[in-house]
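Residue numbers (my numbering), protein chains in the order written: chain R, 382 to 644; chain X, 382 to 644; chain S, 382 to 644.
Watch out, some of these pointers could steer you wrong.
Restraint-style ranges between C-beta atoms, simulated for each label pair [stated by the list, open to error]: (1) R:Gly541 / X:Met559: 41 to 51 angstroms; (2) R:Ala616 / S:Pro567: 21 to 31 angstroms; (3) X:Arg463 / S:Ile535: 50 to 60 angstroms; (4) X:Arg642 / S:Pro567: 43 to 53 angstroms.
Just so you have them, the derived chain X footprint on chain R, three or more residues with Cβ under 8 angstroms [as the list claims (entries may be wrong)]: (5) 407-421; (6) 424-431; (7) 434-445; (8) 545-559.
Treat the hints as calculated values from the structure; they're not laboratory data.
For every residue, glycine included, the Cβ atom is placed at its ideal position computed from N, Cα and C.
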Amino acid sequence: MTATDLPGALSRLRAAAPLVHNITNQVVANFTANALLAIGASPAMVQAEEEVEAFVVQAAALVVNIGTLLAPQRRAMQLAARRAGEAGIPWVLDPVAAGATAFRRDTAHSLLALRPRVLRGNASEILSLLGEEGGGRGVDSGAAPERARDAARILARQHGLVVAVTGATDYVTDGERMVALENGHPMLTRVTGTGCTATALVGAFLGAGLPPLDAAVAGLAALGVAAEQAAEGTAGPGSFQVALLDRLHGLDGATLAARARLR
Amino acid sequence: MTATDLPGALSRLRAAAPLVHNITNQVVANFTANALLAIGASPAMVQAEEEVEAFVVQAAALVVNIGTLLAPQRRAMQLAARRAGEAGIPWVLDPVAAGATAFRRDTAHSLLALRPRVLRGNASEILSLLGEEGGGRGVDSGAAPERARDAARILARQHGLVVAVTGATDYVTDGERMVALENGHPMLTRVTGTGCTATALVGAFLGAGLPPLDAAVAGLAALGVAAEQAAEGTAGPGSFQVALLDRLHGLDGATLAARARLR
Amino acid sequence: MTATDLPGALSRLRAAAPLVHNITNQVVANFTANALLAIGASPAMVQAEEEVEAFVVQAAALVVNIGTLLAPQRRAMQLAARRAGEAGIPWVLDPVAAGATAFRRDTAHSLLALRPRVLRGNASEILSLLGEEGGGRGVDSGAAPERARDAARILARQHGLVVAVTGATDYVTDGERMVALENGHPMLTRVTGTGCTATALVGAFLGAGLPPLDAAVAGLAALGVAAEQAAEGTAGPGSFQVALLDRLHGLDGATLAARARLR
């Protein structure tokens, strides 16, 4: 995956308009759905234990996010993830604040064991999944992504998946290859759920049939470039959030390729 | 109900400022509440089994939306709907993605049996309630509203209620009369929960005392006209969503009557 | 606390960037998190019974809001509030629609008994907690804040806490001192969850180490002044809500001191 592959990835997503099944948190449900619609996917939020297995097999990809985890939702996540695995439906895990409590840590590990194709977190979350000290400030990341880069590589090898660590620089690795992305804008840290949005966009590209590493890079690049465009001329986080949806909607492949800073 | 009746309906809603009790989904709760406030109603989101019966009798109307259905919420919906029926409080049902799983289909049918005054769905949802194939792509509608128009008429007669099928053209029927609305804008399909918003606005007009067919037509016309205004000069779905609330707030009866395309 | 103390309070908040643990309602979760980020705090929404005690001790303050109360969430609130009290972590209670049902009233009283540092409600909610008739229109306030002012003083003395009653004029009292605030804008009543936002901002100032009366005054003043700025040049409640986040983010101490109308 290089910058020149991004226009094709975006076209493929928009042609497929993949149904993305989200089991996500209450804070970001609306924004996640709108971001998925804006990029060209078709979101659905379905979370009851009674129906997630029947629903996920209709989807092109599954997004699991433990942000406002409750015990029944945890069971639904495990059911959906297991069924997705059986049916060959790719899924991505967002282990929000995984290191903050035993409940989150245990849940994140139980989900990791069900083999997501991609794991997307901030440095603290990724470090905590490896058992390292990373911070305990909820959803904030106290640790530098650079330190988490090595943890990401180890996790990727241990679990046979792609790990994306996001921060000022994003790192995406399958345990062998390592892609660094330099896009984005500090305003992303002043709006809630932009990390969750990154995860959902990765899910959309997975749903469009991209391999996990490519899907992760494309999702993060799309968000980063749209964020840079959104930050131009906006007055604060409220208008930035609105402009981010506009920019995801208006994103074109040529701009994405020209502005993406991958290495 | 013709276009010339719309200013009176809107005035009546704003004078009544009806308390609208919503048992709705997590994705749209915020936007629904803001849309109800913008049009001039007073929203409340109350969903615990322990209190919905005590609350609904204080309300002017009830809105039931199964978008992110959970089993305890289903029980709350059934309790509230039954109590609303007993107390003569009108209510509207939004059977989100009713055809996607047995859990949703069964829930939708159990709620239909409790006799809402209005049922509002997209073509897929309405068709699936009649047992026809309509699509299974979650909240998206894969079926043409025209095909669902006949299904709506049958459902309306079977259950003795008003059915509103929304899409590029909306159809509202009580089983005898059929009103078609041509308002709206494609951008409505790029923002999550605009169908849910339509349902909530129908609830607001029911709460203002309008008969079900009139309430359904007025709610859909208000949303459609506000959406057309909102789409003028907005750059994408983020700013469209913001402008939609501004336009619902600023909507005046004369504009509504002039722009509504009913037949 | 006078207007000249406000710049110092705001600086202290931004330097501390306190982790604010919210157990709040589904309608406002996103906006609350964004408002806390905008003012300079670090929000986390954590609500499972299994983890709230482990999480709250890592936070600088706790915000408890019963807006879309469910029984498991009530237990989580009680666990978190008790643990916060034991650990000396300040917390604020928002008794949304406390008078509307027995379930809410009982919950609000059980939480009051756990000794929040601040109670923030509208006139109806505060009156209902004293057992007086105040209205039953859900989250709306039917009663004048002036009448609730005296109820606030009584409640503050009974429970040994600070009570903030918000409305066209806000009143903050510890049972002895009484501060009136004249900031704000009518548009605040056309956006859902602005009262909840006030409560969350009070939580942020508590988390920055301010005494309860000062934290309550600072939180309400910040929201009121930002709302006045946001209302300038916005076309309706949609754009007002966006501008409110921009203004909370851009708020500076000098403007806050100059525009705050305390007495």
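Checked hints:
1. Distance hint check for Gly541 (chain R) and Met559 (chain X): the Cβ-Cβ separation is about 57 angstroms, which falls outside the suggested range of 41 to 51 angstroms.
2. In this structure the hint that Ala616 (chain R) and Pro567 (chain S) lie 21 to 31 angstroms apart at CB holds, the actual value being about 23 angstroms.
3. Checking the proposed 50 to 60 angstroms range against Arg463 (chain X) and Ile535 (chain S) shows it is violated: the Cβ atoms sit about 40 angstroms from each other.
4. Against the hinted window of 43 to 53 angstroms, the Cβ-Cβ separation of Arg642 (chain X) and Pro567 (chain S) comes to about 34 angstroms, which falls outside the hint.
5. Closer than 8 angstroms: that is the beta-carbon criterion, and the region 407-421 of chain R has 7 residues meeting it against chain X, so the requirement of 3 holds.
6. Look at the region 424-431 of chain R against chain X: 8 of its residues bring a Cβ nearer than 8 angstroms to a Cβ of that chain, three or more, so the hint holds.
7. A stretch counts as covered by a chain when three or more of its residues have a beta carbon under 8 angstroms from one of that chain; for the region 434-445 of chain R and chain X the count is 4, and the coverage holds.
8. For a cut-off of 8 angstroms, the count of residues in the region 545-559 of chain R with a CB near a CB of chain X stands at 0, and the three-residue condition is violated.
When each numbered hint is compared with the structure, violations occur for hints 1, 3, 4, 8.
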